[in-house]
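*Asks:* As you go down the protein sequences, you meet chains A and B in turn.
Per the working numbering, the first sequence starts with residue 3, numbered consecutively.
Per the working numbering, the second sequence starts with residue 434, numbered consecutively.
To be clear, the hints were calculated from the coordinates, so they are not data collected in a lab.
There's no promise every hint is true.
[Stated by the list, open to error] Just some of the chain B residues that point at chain A, by a computed CB distance under 10 Å:
1. 436
2. 486
3. 502
4. 511
5. 628
Cβ coordinates follow ideal geometry from the N, Cα and C atoms, glycine included.
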Amino acid sequence: MSRGVALEMFSPLIWHQLPFLLVGFRTTLYVSGICLVLATVVGIVVALGLLSRLFVVRAIAGLYIDFFRSTPLLIQLVWVYYALPLLTGYSMTSLEAGILGLTLYEGSYLTEIFRSGIMSVATGHIDAGRALGMTSWQVFHQIVLPQAAVRMLPAFTGQALTLLKDSSILSIIAVQELLWQAESVIPITLHSMQMLTVVAILYFAVGFPVALLSNRLHARWAFDQGA
Amino acid sequence: MEYHWNFDVVWSNLPFLLMGLEYTVLLTAVSMSLGLMLGLSIALIRIRFTRIRAAIVLYVETFRATPLLVQLVWIYNALPASGLRFDPFWSAVIALTLNLGAYLSEIFRAGIISVSKGQTHAGLALGMTPAQVARVVVLPQAVRRIIPPVASMWVGLFKDTSLASAIAVAELSYRANILSARTYRPVEILTAVAVLYFVITYPQARMAHWISNATRVRE
Chain A
3 MSRGVALEMF SPLIWHQLPF LLVGFRTTLY VSGICLVLAT VVGIVVALGL LSRLFVVRAI
63 AGLYIDFFRS TPLLIQLVWV YYALPLLTGY SMTSLEAGIL GLTLYEGSYL TEIFRSGIMS
123 VATGHIDAGR ALGMTSWQVF HQIVLPQAAV RMLPAFTGQA LTLLKDSSIL SIIAVQELLW
183 QAESVIPITL HSMQMLTVVA ILYFAVGFPV ALLSNRLHAR WAFDQGA
Chain B
434 MEYHWNFDVV WSNLPFLLMG LEYTVLLTAV SMSLGLMLGL SIALIRIRFT RIRAAIVLYV
494 ETFRATPLLV QLVWIYNALP ASGLRFDPFW SAVIALTLNL GAYLSEIFRA GIISVSKGQT
554 HAGLALGMTP AQVARVVVLP QAVRRIIPPV ASMWVGLFKD TSLASAIAVA ELSYRANILS
614 ARTYRPVEIL TAVAVLYFVI TYPQARMAHW ISNATRVRE
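Sequences and hints are given; from them, build the entire structure.
*Replies:* Right, dumping it as structure tokens:
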């Protein structure tokens with residue numbers, strides 16, 4: 003970085019644009035939050051579908067995760083935004099399309115996390131619950147879920163970070179999140195270096211604590227397992 | 434609403450799309466090769482030279498805690514302000530390599546550290562040089578732990594190359610967007626491209642899964 007650029011970082015012009023970026027940042031956080039909640043619901047439902055006794059349910063759940071995990075999020079978003087409305091006749095705003103696309107994509111990853119969490123609970127525990135006369139719901143709710151939840155937490159936190167970062171791809175379909183806001187103002191101010199660096203710093207400010215939390219949870223779970 | 438599918442537009446433009454696929458594969462292969470070298474170097478430097486550890490941690494954490502798309506756009510749009518200018522393809526290679534290197538260095542480091550100290554000591558006690566210990570004792574064991582996550586990084590990278598379309602690299606996604614705007618047939622074009630990605634990515638994902646089962650370390 004040349005000295006001129008380094009000094010320019012503090013030019014007042016940049017700080018005038020900051021509120022504009024923060025509006026985008028708020029959308030980033032809001033979209034990420036909504037998608038995390040929705041993708042968690044999708045993930046739990048599909049994970050239960052994968053463990054279903056009915057072949058058809060298992061097959062549909064399997065097709066869903068295979069397809070969504072084997073194509074790029076970018077293509078899914080563009081498809082939901084440009085192609086889906088032509089098929090359904092219902093047009094969506096870019097925000098709606100973005101939330102739908104991101105939820106379905108991240109949901110397919112969360113499904114695997116939930117499934118392996120549920121599978122990790124020893125079958126002996128389930129048999130013991132059954133032997134005590136508990137219903138399947140009671141077994142799931144009181145024996146499987148509490149143990150699975152603790153084990154899923156590190157991977158879940160990691161996926162939450164991925165989701166936050168992936169939300170930047172929504173800028174491609176013109177969702178007015180952080181990156182889109184920055185890119186829309188660059189042709190006017192021409193301060194691409196400053197704008198994009200501030201964008202990176204804002205992502206880092208949220209992403210890094212989540213990454214630390216995920217690392218700590220991973221380390222703690224490894225320790226618990228070793229003990 | 435009844436939609437009239439017409440896949441003619443896909444067949445007539447297939448060569449155009451397949452040329453994009455070539456770029457996608459090329460981008461993946463070049464970035465993975467460079468990323469592996471970078472990741473291994475960073476891991477070894479971090480283990481060997483603890484004094485510059487802070488700088489390496491800063492690199493790794495910055496690239497893991499910010500979106501790849503921001504890194505791409507930063508290298509293509511922001512870096513020229515400092516006088517460093519790359520064409521779209523090389524900007525994408527640089528961003529993907531730096532991003533991948535950050536993740537791979539952690540994978541390599543974890544793989545190397547996972548080989549117990551006792552093994553190293555045993556090798557040294559037998560009169561092997563440190564280089565021999567690294568090559569004969571540590572590396573073969575570390576590789577088994579490194580290969581599965583690297584295989585899944587490859588699959589992730591293959592999909593991530595689609596982001597290069599944002600900086601006008603003429604790979605598959607970029608061509609898909611161009612074509613669907615030009616032909617007014619987004620449904621057929623985008624569906625075909627999604628299927629194309631699936632047909633190529635899915636076997637790779639199965640392969641990564643198979644590799645991970647085949648090389649599993651039992652302890």
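*Asks:* Each hint should be assessed against the structure and marked as holding or not.
*Replies:* Right, here's what the structure says about each hint:
Interface restraint check for residue 436(B): the shortest CB-CB distance to chain A comes to about 5 Å, inside 10 Å, so the restraint holds. With a least beta-carbon distance of about 16 Å to chain A, the hint placing residue 486(B) at the interface is violated under the 10 Å criterion. The beta carbon of residue 502(B) is positioned within 10 Å of a beta carbon in chain A (closest approach about 5 Å), and the interface hint is therefore held. For residue 511(B), the interface hint holds, since its Cβ comes within 10 Å of a Cβ in chain A; the closest pair sits about 4 Å apart.
Look at residue 628(B): its Cβ gets to within about 8 Å of chain A, closer than 10 Å, so that hint holds up.
Hint 2 from the earlier list is the only one contradicted by this structure; the remaining hints agree with it.
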